[in-house]
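Given two chains presented individually in distinct reference frames, assemble the corresponding complex, making use of the accompanying hints.
Note that the protein sequences, when read in sequence, are chains A and B.
Once you know that position 70 of the first sequence is 70 in the numbering used here, the rest is easy, because the numbers rise by one and skip nothing.
Once you know that position 208 of the second sequence is 208 in the numbering used here, the rest is easy, because the numbers rise by one and skip nothing.
Calculated directly from the structure, the hints in this document are not laboratory data.
There could be a bad hint or two in this list.
Label-pair ranges, simulated between beta-carbon atoms [unchecked claim]:
#, chain 1, residue 1, chain 2, residue 2, range
1, A, H87, B, G363, 37 to 45 Å
2, A, V142, B, P341, 35 to 43 Å
3, B, R18, A, E135, 49 to 57 Å
4, B, P441, A, H87, 53 to 61 Å
5, B, M532, A, E56, 24 to 32 Å
6, B, E529, A, G167, 49 to 57 Å
7, A, H87, B, R157, 27 to 35 Å
8, A, R52, B, E331, 25 to 33 Å
9, A, V142, B, G69, 32 to 40 Å
10, B, D53, A, H87, 29 to 37 Å
11, B, P80, A, E56, 56 to 64 Å
List of simulated lysine to aspartate or glutamate pairs, EDC-like, C-alpha gap at most 20 Å [to be verified]:
#, chain 1, residue 1, chain 2, residue 2
12, B, K118, B, E154
13, B, K215, B, D134
14, B, K298, A, D49
15, B, K215, A, D109
16, A, K23, A, D66
17, B, K393, B, D406
18, B, K4, B, D34
19, B, K118, B, D33
20, B, K124, B, E145
21, A, K155, A, E91
22, B, K298, A, E135
23, B, K139, A, D109
24, A, K23, A, D49
25, B, K138, A, E135
26, B, K349, B, D359
27, B, K156, B, E529
28, B, K138, A, D66
29, B, K4, B, E50
If you want a taste of the chain B side facing chain A, the calculated C-beta under 7 Å gives, among others [said to hold, decoys possible]:
#, residue
30, P130
31, R133
32, Q140
33, S176
34, L205
35, S212
36, G216
37, R227
38, Y230
39, G548
Ideal placement from N, C-alpha and C gives every residue a C-beta, glycine not left out.
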Amino acid sequence: MEKVAAGGALTTRVDALLAWGRKNSLWPLPYGTACCAIEFMAVVASPFDLSRYGAEVVRFSPRQSDLLIVSGTIVHKQAVILRRIYHQMAEPKWVIAMGACASAGAFYDNYCTLQGIDSVVPVDLYIPGCPPRPEAVMHALVELQRRITEGIPSKAQVIRMEEEKKGEGA
Amino acid sequence: MEGKVRVEGNPFGDLVFRTEREHLPAALRALRDDHGFDMLLDTTVVDRLELPDREPRFDLVYNMRPSLGGLRVRVQARIPAEDPVAESASGIWRAAEWGEREVFDQYGVRFRGHPNCKRILNHKDFVGHPLRRDYDIKKQQWLSEPDDLLDEMEKKRAADPEPGERESMLINLGPSHPAMHGALRVLLDLDGETIRHAVPEIGYLHRGFEKSAEKGNYTQVIPYTDRLNYCSSVMNNVGYCRTVEKMLGVEITPRGAAIRVILLELGRIMDHCVQLAANLVDLGALTNYWYLFNEREKIYNVIEALCGARLTHCYFRIGGSSHDLHEGFAEGVREVLRSVPRALADVEKMVARNRIFLDRTVGVGAISAADAISHGFTGPCLRAAGVQNDLRKDEPYYGYETYDWDVVVGEKGDTYDRIWVRFEEVRQSLRIVEQALTRLPGGPANIDDPRVVLPPKREVYENIEALMNHFMLTMYGIRPPAGECYGAIEAANGELGFFTVSDGTGRPYKVKVRPPCFYVFSAFERLVEGGMIQDAIAVLGSLNIIAGELDR
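Looking at chain B on its own, in the form it has when it is part of the complex (with noise of 0.2 Å):
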């Protein structure tokens, strides 16, 4: 290895390795087997083709950590667009699956050796690869009629190993299915109602967040992040605003951290009261569902209060948040606190002991550690696999180190495991915004640099170096120096990324998310081949599936 790779310096803290294509699998390899990196999080390619150093065009890159955390370690490789091939990934880890085939999809870039690289967030009859910096953003492309998905079942067929006698029907779950959550679809091919293969095929909810991201300044990327996890809208934008902060090289005030943790948390009980109510009403258990939105809409009610809006919070800004806390705050998230207690007691109380729902979910689709890792797992989709890993423990941010509470992990990674490490989550969460309101610290919300915040209007309308400092912020954008980084937080369903490119502008040069659902679906043809029809629905309810984050 010694010479093929170097390590490259990063003014982000990042630790970067550059080699040449030829050497990208084995330097992958030796970084799986001898150094502990068993977890890829993320594959992408930045397209240099406005960047000073242009030559060669493509730039791949590939994002990974251990699964018990530690040092992040990116490895990227340039690659020319007269032959844009490199050699697949997918051997190594499953998660460079979806990854490459995401990278081929969006940017043309092809892998040798991938078991079926072809489109899988455009339509199959899209012309060009969008997310190049010379694809038109608006040169939208009609499509006639949706994939059949025929190639990939009829490969899946040939490779069974033990086909039989068998009269298989071939079925669609979705694309429009209550239980296929919006925007998902699956072609199951079915032995009675066994399945035997499952195609899934994503990209129905894609709205082109990347892309867009590239098209307004920094700040302006806030919306579009509320909408990749709708669910937990809040998380999306701490994930995105810190990212941005460690490139601008900044750290919030402690009342601005404190905040954040008692929003992060909010968000997560949010999330988690619509997953584990989604999930339970296609298990046909009704009424949890009322018990757990009366819940989200007290928490709605003290967001609301904060900064207006229910799902779509777009509250917090880069260096800190667009406004501090209203009085009366801390009252409403007390009452939160009193009463999400209640509602979880109730709602295990009707599923705990239930017949059906034990028979439904114990033991379905289960996933060992090992899988779950190679698939990219994380959050509680991994705990449940027994895997103790979490970022907040991990990597502490905005001071988690200091909170008492647990990390909850299941055993079997089954469905009954996913939906339990959720409900115990909850409690855990509750713990840390109720420490957290207590030492609720004073001082500003918002950190004083002229570079990120706009300074108090009132100092704007009196002096002239507030004025400028107003008027370059509001022209120029927030310029971050350039470079590439990558920041993630612990969301509601995983570990969220947002892998940043800068050229020193005040727009972004890319963003690309680090889905957590991405990895976690892809997974989901392993997990209900061989289960039954009705598996699958419990199954997917259990993975947490946002399409908005799924296929941003």
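Just chain A, same shape as in the assembly (with noise of 0.2 Å):
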């Protein structure tokens, strides 16, 4: 360590590089429509502190930011919106569906709940909990730390693959 301290060089590949570079560098797009969402704003406060994990930086806006944390419940009148969001975000993405409503619908089984918002979007990570704690939060972004230093390509990754190996087979 002290050579590179002096001026020496470590070596790695690109990939590795890129993929440590993304993930301590995730800037979240918190879709928070609910109670979730309030939950979501203990986690950026001070005594959780989102920014240990280099998420802190949040961005309302989909053009800056990688991630997608959807902290609410997303009816059928916003699920249009949702996803109009999701395709204004940049490649390579992510999008953690925090809570019950986001993941299922939550105990909101009736005619304007949406089900979960895996039927708009792809969804990489799922929080239980209604709302989850903190600490779930932010072990759902370990885990999509984890990924991303694997290379573990993301479910919107994953569909376009498929299709792909579909258009090839016909």
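Rendered as structure tokens:
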């Protein structure tokens, strides 16, 4: 290490370097609609402090963020807008469904609530809880970082690869 | 009026007038002008399809009270299903504008003379009226695109007295915008940075609370109420439980009442902390957010030890609470009592003489007392406009009249007043908590009534009577007598009411929430029109609109 500090060099693969950069600088777009959004605010606040994971730069602009955290109930009226926001985000991008509503509609099994956001956007991680504790959100983030480091493709990439394969087969 | 309106006896102590629908406008006007009922609280419909007396099918309900406290009154008129039309009350109270739109949306009763009788909670392409009893709860409908709102905007532009020569720009604020608090949307017509017209749209978090409440039994509604105003879940629990207790005619124990007072006030402190933090962040003052959320976290810890949940507490039950306080609760609350004033003082020091803060809040979005009352404002927003209105003083419950505290009132009803009323209310709440904690009486937390509260587990195992009661309550639920009842508490945002209809079975026939911020938000366009675009952000934050409660 002393050599490195003295002007030496470390060698690594380009993709590993990129993954390392990406995992430590996730910029979440908190798509907060309901109760979970208040709990997400608690995650960002000082007792829990999301910035420990380099993910404190919350951006409400889809162009500037690479991690969509859907925290709260998505109803049919909102679903179209969520989908549009997701498509405006640049690749590579990940999606976390925070809480029971975003994951599966929770106990709102009724005429207006979307039964899980995976019917409009591809989801990488689901956090259980109503709302989840801040630690659960951080666990999801760490898990996502692990996937990025290990080069595991996002759900959106998987879907795209499957579609390409289907296209070749036909 | 005589002969046209008759007083109907009611088992739950509410005063109910019944009239024919053609006399409804005259009756409402007379109540407002001659009897001082200047505040329309809520409008709803009871769909009597499955009730014994089912023709004519719809029962239109107007719920009102004087703004300075006093008797509550409901006026009801029956409307047949073949011709679901009534005369609009929007000329009498502004609050009726949104209330009647909701009635149309959810029940399909139209209003003659209403300026804008279109859907409000459901999307424009929605077919049918979901709160009718014959609408299947699971029948979902997909929406292709959001409403462009141009129909309303064109109307407003046409009505503009001085359109002038200008280049107008339409801008959508929300529904996904950091300052629009989640799920609100406003279409703005801008002249430079000045807002000429604003058209708000809600319903982006309409998750069917009222329909879902008809699905389970009375106890199963409690977790749904948690998610109405999710910044202070305990208060919603209390509001709902108190209404059902009113129907059952039971009074909770002194200890139960003191526990409720402590948690109600802690809930108010939490709610105000979130409002102040979010409002100040919207104004660019981020530091205050760290300060206030730290305090919130401390209250969270107390409540988490009490009931296991941080945000959606679901602690109270009909007849008391799910269990008694734990050991160490008092110490936890005392710690909160010590630390909140310090944080509050720090935050006040940071903003009180801050030039930017003052420029952006003083005189911004002011509303007069008369307008606020007409719009159905309650809570801090009404008190900021100078109206001394607080249910804890006007219709005391749980012994609020025995505590020593003051109602906080503002002067001008602007954003600054709304923020400062909340700062002061936190202090008053701390005073109440302190007193309640000191006098916390012993005895059981729950009432001893096998119709309402499950017997202690030990007894269920040991004697047949308790076992039977346990089974009866679990299988059939709590069964209030048939009838209609309105109960309300002073929640953090204002009067939170529950209009509950029972058909004598274990399931609520109807639960209608009177959400305080629904009526507050109905005045939003009036508050921001003529102001600058950044004022819209400051005003919205100060109104404390909680989407879960607004859209239900």
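Going down the list of hints, with the structure as the test:
1. About 42 Å separates the C-beta atoms of H87/A and G363/B, a value consistent with the hinted range of 37 to 45 Å.
2. V142/A and P341/B have their C-beta atoms about 37 Å apart, which keeps the hinted 35 to 43 Å range intact.
3. Checked against the hint of 49 to 57 Å, the C-beta distance between R18/B and E135/A comes to roughly 55 Å, which is consistent with it.
4. For the pair P441/B and H87/A, the beta carbons lie near 59 Å from each other, so the given range of 53 to 61 Å is met.
5. At roughly 30 Å, the beta-carbon separation of M532/B and E56/A lies within the given 24 to 32 Å, and the hint holds.
6. For the pair E529/B and G167/A, the beta carbons lie near 53 Å from each other, so the given range of 49 to 57 Å is met.
7. The given range of 27 to 35 Å is respected by H87/A and R157/B, whose C-beta atoms sit roughly 32 Å from each other.
8. In this structure the hint that R52/A and E331/B lie 25 to 33 Å apart at CB holds, the actual value being about 30 Å.
9. Checked against the hint of 32 to 40 Å, the C-beta distance between V142/A and G69/B comes to roughly 54 Å, which is inconsistent with it.
10. A hinted range of 29 to 37 Å is violated for the C-beta pair D53/B and H87/A, which are about 53 Å apart.
11. The hint said 56 to 64 Å for the Cβ distance between P80/B and E56/A, and at roughly 59 Å that hint holds.
12. A hinted pair counts as satisfied when its Cα atoms are at most 20 Å apart, and K118/B with E154/B qualifies at roughly 15 Å.
13. Taking the CA atoms of K215/B and D134/B, the gap is near 13 Å; set against the 20 Å cutoff, the hint holds.
14. With a C-alpha separation of about 15 Å, the suggested pair K298/B and D49/A falls inside the 20 Å cut-off, and the hint holds.
15. Straight-line distance between C-alpha atoms of K215/B and D109/A comes to about 10 Å, which keeps the hinted pair within the 20 Å bound.
16. A distance of roughly 10 Å separates the Cα atoms of K23/A and D66/A; the hinted pair therefore holds under the 20 Å criterion.
17. Our distance criterion of 20 Å between C-alpha atoms is met by K393/B and D406/B, whose separation comes to about 9 Å.
18. A distance of roughly 16 Å separates the Cα atoms of K4/B and D34/B; the hinted pair therefore holds under the 20 Å criterion.
19. A distance of roughly 28 Å separates the Cα atoms of K118/B and D33/B; the hinted pair therefore is violated under the 20 Å criterion.
20. With a C-alpha separation of about 9 Å, the suggested pairing of K124/B with E145/B holds against the 20 Å cut-off.
21. Between K155/A and E91/A the CA atoms are separated by roughly 12 Å; this keeps the pair inside 20 Å, and the hint holds.
22. Proposed proximity of K298/B and E135/A is supported: the alpha carbons are some 16 Å apart, at most 20 Å.
23. Under the criterion of a C-alpha separation no larger than 20 Å, the hint pairing K139/B with D109/A is consistent with the structure, at around 10 Å.
24. For a cut-off of 20 Å, the pair hint linking K23/A to D49/A stands: about 17 Å separates their Cα positions.
25. Distance check on the hinted pair: K138/B and E135/A sit about 34 Å apart at the alpha-carbon level, beyond 20 Å; violated.
26. Proposed proximity of K349/B and D359/B is supported: the alpha carbons are some 16 Å apart, at most 20 Å.
27. Note on K156/B and E529/B: the hinted pairing holds, with a Cα-Cα distance of about 11 Å set against a maximum of 20 Å.
28. For the suggested pair K138/B and D66/A, the alpha carbons sit about 34 Å apart, so the restraint of at most 20 Å is broken.
29. Proposed proximity of K4/B and E50/B is contradicted: the alpha carbons are some 27 Å apart, above 20 Å.
30. Evaluation of the P130/B hint against chain A yields a held restraint, the C-beta minimum of about 5 Å falling below 7 Å.
31. Taken as an interface hint, R133/B does not check out: its beta carbon lies about 13 Å from the nearest beta carbon of chain A, beyond 7 Å.
32. With 7 Å as the threshold, the beta carbon of Q140/B comes within range of chain A, its nearest partner Cβ sitting at about 6 Å, so the hint holds.
33. The closest approach between the C-beta of S176/B and any C-beta of chain A is roughly 6 Å, which is under the 7 Å cut-off, so the hint is satisfied.
34. About 5 Å separates the beta-carbon of L205/B from the nearest beta-carbon of chain A, less than 7 Å, and the hint is met.
35. With its C-beta approaching chain A no nearer than about 5 Å, S212/B sits inside the 7 Å limit, and its interface hint holds.
36. The beta carbon of G216/B is not positioned within 7 Å of any beta carbon in chain A (closest approach about 9 Å), and the interface hint is therefore violated.
37. The criterion of a C-beta within 7 Å of any C-beta in chain A is met by R227/B, whose closest approach is roughly 6 Å, and the hint holds.
38. Look at Y230/B: its Cβ gets to within about 4 Å of chain A, closer than 7 Å, so that hint holds up.
39. Interface hint at G548/B: satisfied, since its Cβ lies 5 Å from the closest Cβ of chain A, which is below the 7 Å cut-off.
Checked against the numbered hints listed earlier, the structure breaks hints 9, 10, 19, 25, 28, 29, 31, 36; every other hint is satisfied.
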